[in-house]
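Residue numbers (my numbering), protein chains in the order written: chain A, 1 to 306; chain B, 1 to 260; chain C, 1 to 260; chain D, 1 to 258; chain E, 1 to 258.
Don't read these hints as lab results, they were simulated from the structure.
A virtual CB, placed ideally from N, CA and C, is assigned to each residue, including glycine.
Check each hint, because a few of them may be wrong.
Unchecked claim - A few chain A residues facing chain D, derived, Cβ under 7 Å:
no., residue
1, Q87
2, G181
3, V182
Said to hold, decoys possible - Partner residues are not named here, just some residues of chain C that face chain E (Cβ under 7 Å, in silico):
no., residue
4, V25
5, L60
6, F86
7, A110
8, A136
9, Q203
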Amino acid sequence: KGKREESPAAVGSKAEPTPFTLVLNWVPEPEFGGFYAAKASEAYAKEGLAVSIKPGGPGVPSLQMVAAGQAEAGITGADELLLAREQGADVVPVFAVYQHNPQAIMTKAERGAKSLAEVFAAGTVALEPGLPYAQFLKRKYGFEKVKVVPYDGGIARLSIEKDFAQQCYLTSEPLAAKRQGVATSVFPISDEGYDPYGAVVVVSRETWTKKRPLVEAFVRATRAGWQSYLKDPKAANEAMHALNKTMDLETFAGAAEAQHALVETHETEGDKLGTMTKARWEALRTTLTELGLVTKPTSFEGWPVD
Amino acid sequence: MESAVSVQFERVARRFGAGSAGELVVLDGLDLAVEAGSFTVLLGPSGCGKSTLLRLAAGLDEPEQGRVRLTVDGTERSPVGGPTGFVFQEAHLLPWRTLAENVALPFELAGRPGGEDPARAVNEALERVGLGAFGARMPHELSGGMKMRGSLARALVCAPRLFLLDEPFGALDELTRLRLDDELRRLAKELRMTVLFVTHSIQEAAYLADRVIVFSPRPARVVGDFASPFAPVRREELRFSEPFARFVGSLHDALVRGGA
Amino acid sequence: MESAVSVQFERVARRFGAGSAGELVVLDGLDLAVEAGSFTVLLGPSGCGKSTLLRLAAGLDEPEQGRVRLTVDGTERSPVGGPTGFVFQEAHLLPWRTLAENVALPFELAGRPGGEDPARAVNEALERVGLGAFGARMPHELSGGMKMRGSLARALVCAPRLFLLDEPFGALDELTRLRLDDELRRLAKELRMTVLFVTHSIQEAAYLADRVIVFSPRPARVVGDFASPFAPVRREELRFSEPFARFVGSLHDALVRGGA
Amino acid sequence: MKRLVALVAPPLVALALLLGLWEGLVRALEVQAFLLPPPSAIARACVVHGSVLASGVVRTGTTAVAGFLLSATLGNAVAYVLGSSRVLERAFYPYTLFLQTVPIVTIAPLLVLWFGSGSTAVAVAAFIVSVFPVITGTLSGMRAVDPNLRDLFRLYGASRLAVLTKLEIPAALPQTVTGLRVASGLAVIGTIVGEFVAGFADEAPGLGIIVLSAYRQLKTDLLFAAVLGSSVLGLGLFAAVQTLGHRLLRRWHPSARS
Amino acid sequence: MKRLVALVAPPLVALALLLGLWEGLVRALEVQAFLLPPPSAIARACVVHGSVLASGVVRTGTTAVAGFLLSATLGNAVAYVLGSSRVLERAFYPYTLFLQTVPIVTIAPLLVLWFGSGSTAVAVAAFIVSVFPVITGTLSGMRAVDPNLRDLFRLYGASRLAVLTKLEIPAALPQTVTGLRVASGLAVIGTIVGEFVAGFADEAPGLGIIVLSAYRQLKTDLLFAAVLGSSVLGLGLFAAVQTLGHRLLRRWHPSARS
Ligand SMILES: Nc1ncnc2c1ncn2[C@@H]1O[C@H](COP(=O)(O)OP(=O)(O)OP(=O)(O)O)[C@@H](O)[C@H]1O
Ligand SMILES: Nc1ncnc2c1ncn2[C@@H]1O[C@H](COP(=O)(O)OP(=O)(O)OP(=O)(O)O)[C@@H](O)[C@H]1O
Ligand SMILES: [Mg+2]
Ligand SMILES: [Mg+2]
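With the hints as constraints, model all of the structure from the sequences given.
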């Protein structure tokens, strides 16, 4: 596989391109558009990188693979990253695709719920067990009146059950529901005071300290890739569709459009796409500590954060 | 008392073909009529088709040509399901049942003849074969001869009209065997059973039979058909008599002439 | 030629206890010495313990008390693994092997005695028991008597020094049986085998034995020990002679006195 | 007493060896705990999360037993019906295989839609996962019945029912037990997978929910502790099948002797 | 010709009946297609997504066969070793059960770390899911060997190896085949579940990945089509085992006669 991904030597560089593996935590979908765009537009090649993107699946342990040295970089969520550090994995974030977390709670519009408090007042909610934000919501609202069941990845129950709510990705399930003719009310978690970065690129401490230029080149090219993807996602979408035929191009286009607001915020203005701030990491650490999920204080010393 | 069954083999042919080493013609147009109430002994070399013949009579196998008919008082009946007793060449007890439960099996399967007490019948049958004390044992705890006697008791227990025995006493000690020979003949006459008895012992054939049929080697043909020269009631002394030795001699000759 | 094996049973006791219906004392302090090279026949009622005795001699079972010793020229050897032949009361052929492959089994397991050609030995053994044409058949395609003869061929094939036979000819027709009796005795003498032969036929015992041991019912005690009055070489005529009848008579009496 | 030692000692010794090796390797190779925790860490997790695990074991265990009993009864019933007729067997046996090849995870959501969340749907999942070995075990046991014994029953004009109850069922019992043995483990696994989708994530979550949430939070030691709990359940169910089988077969089958 | 009809007709008739009933019910009750699509819709999905499904079947099939072969060889090897000694069996057999009771979903990520991404890890998952029935089938077959035949081998001083190869392995064969029959289905299911968690969606996605994304997008017809594909795989593997078993047993075992 690696071989096929190798691109010819980068323009302006006589050296052989350096192999670099990025492991995704999900199948190719628009949330990874920028990476595929960087590849398609040869942004990686220009930096002298032969990047191989390894698409993931639901259980693919991207973080663990990075920690175990099986890939240079991987995609994960900011909260997951801190939980991994809690368990002793020394990994460092270098780029955040989503400035605002794309996760949300959705329920049928006809229910007329105005707030999450109303959503959690009755019925059933499907949440992945152990999800940090689920614990956050539980602490905030209490789940005494609502039955919690595991999230199954689909929207079938939502479309037929009356008082049903579920976790979702802003860019995915609400669109699917709409196509089924089900109107939904969507409540982003980021509005509730829990807003970790999403789709964060992580590398191991070792890679970060010993191959800093390489990582920085990767981040530069990735940023360029994302900028081009936001402008024109068509080529990258086609590349991803070739790998993930089960999602049609129309859905790719819709989802790419929907994630604009999450990727580009006032914080990323001025060529700062993917940037991260210490303050927000500290806020996340505080929240997770309050939830009892984190006990060891992580210092953000030496991280590429402003 | 019910009437006995007569058996007619009419131009019966049976071969085993699909086997691993070519075809084997076992019966090839055999004709044989067995009278109701008679005690007929079949004598023949090993592998000639005696067991096959019994299986045909019991309806456990089908002839390829010809047919096998059972008749009672002139009306035909089906071989299977009637009160037919079969003592196989091996004991074939159900390993998960005690001896007594094995003997009780025919009652459970065929229903019991009016008014009889199965438990008593089982006990009686076991006593008859000398296993009265072993009813509670499992088959694997019995000696070879005991298993065989158990299977005899099982066949006897529901008073069959047609009784087929395939070398039943081959595994028994001589004294037991002599005792059972007498017992069997007495019972057969008392209950008016039709008996087809396969044996390889010429002495046993001579002593037990009303009629002895001698077969050639495979394919089995009838090479001798002897009415017994003796009175219906047999006594031990018969075995040591001059006429008995002569009858044994002529059966022996028939076998040798048949090519065994 | 190798020396023959002698067998000593010394105060041997064996009971079966863990069974489903109480304890059963089969042997209770039995003493018996079997001379090297002798042809010894064991005679006794069904269930008295004859098979158990053979299993002890073969090392397939262990006495609870006392011991069983095999000696060759005064030195002891282990029962298992030596060239011991055993014909069980039932045929016990491996169902997944052809007859010839079954007969070849001892060669494969024990290794073949120097220089012999296994395929020829197998063929010879099959011919000896009259199954020369059946080597390629599977066991389930053979008649009961044929299976038994197959197991005899298997036991013979590697020329055992100690030959144990448990009612081997019970399922054979009389002519075959007489033929095999002669063949067996001839072979035993020719190869100087020590033979322990269990039978329930008094005639067969009288004809075959150098020595006949008569047992009581369980627990087996020796109630008769007879040296054969006949010359080592036996001929058919012997069976019809006056002294033979007398010997048969005395064995019969011993059995009856023993309580069979 | 001695027999008990002979029975219990070998697995304990083997366990000690396996655990020692594991602990040693993890320490020697300095494997990170969230990749593969050493047995000592798992033991610690068992203690720390004791009460959650215990109630998880009870909840999952109850459901697994229910699913297993469903499999044992329905599976054998199906085998008895199919075993009674070559035509029925040919017609339907291939489709019982569907049960085996349908990844339960994919239809678990449908089970939820049909049965609602909770123990019923989970037990049905356990049933679907574990029923096939029961069917196939009993069926092949029935097909292997000694033809001579069949003859015996035919001779006495035994009804189809009598052949079934008095011949085929007892003769197949050893293989039925083998099938149930496989089913016992599968029922537990089916329950856990069922819980992944149809369990309740409430105060007393089943082991499946615990596993999911431990995995989410990278608490690999808790995850292994929960897996251990499921193995203990599986072993318990297995031991019950084994004991029952032994009791039923002891009197006559060579596998249960000596 | 007639025999072929007798062999093929019953399952086809049964299939037609089942499908007819299903289609009829779905239409009569007006069940929404995304809850339970009618067979006709599934057939349509098979055509529309033909190429994706075909390459999924190939990929999943290859992996499943690899996992099954692993199970068949290693499983029987383990059974032969354990079957050769009561002590070893007591010591290790209980732990082979662990393989059966460990929810593969939980350790699949570890498999990825140990065996690398993609097919290897997935095949190992299939192996773990399917190996236990092989072990337990062969082992109980070995334990059921006729004690008289054992005596025969002992008499001739047969080595442990000879007893194994010439007695226990052939005598256990019918039960080995039963175990493999169960394993064939489980291998496919193990592959699909393995793909759920460890299957990378590079190149052509396996059926597991297709199932997942179909479910997420509420394409229940595609989901069923993929499940159908997995069933076809399972049936194929099963038929192969069946044929091989029949060939091996035909000459002597009652189950393969008539
Ligand atoms: N199911 C079968 N398949 C193939 N051949 C068979 C089958 N049953 C019997 N035979 C063959 O048919 C012939 C006759 O068998 P049968 O059992 O009737 O003989 P028999 O006269 O009873 O012999 P014995 O006295 O040795 O019991 C034998 O040569 C045997 O090999
Ligand atoms: N494994 C066993 N378990 C329990 N009891 C047994 C076992 N083997 C033999 N017996 C009992 O021991 C007694 C002697 O058996 P054995 O087989 O030695 O008799 P035998 O003299 O060979 O009889 P036969 O002439 O009928 O073959 C019988 O009563 C039998 O029930
Ligand atoms: Mg016969
Ligand atoms: Mg005996």
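Practice item. Could you check the structure against the hints above and give me the numbers of any it violates, in ascending order? Key: As far as the earlier hints go, 2, 3, 4, 8 and 9 are violated by this structure, in ascending order.
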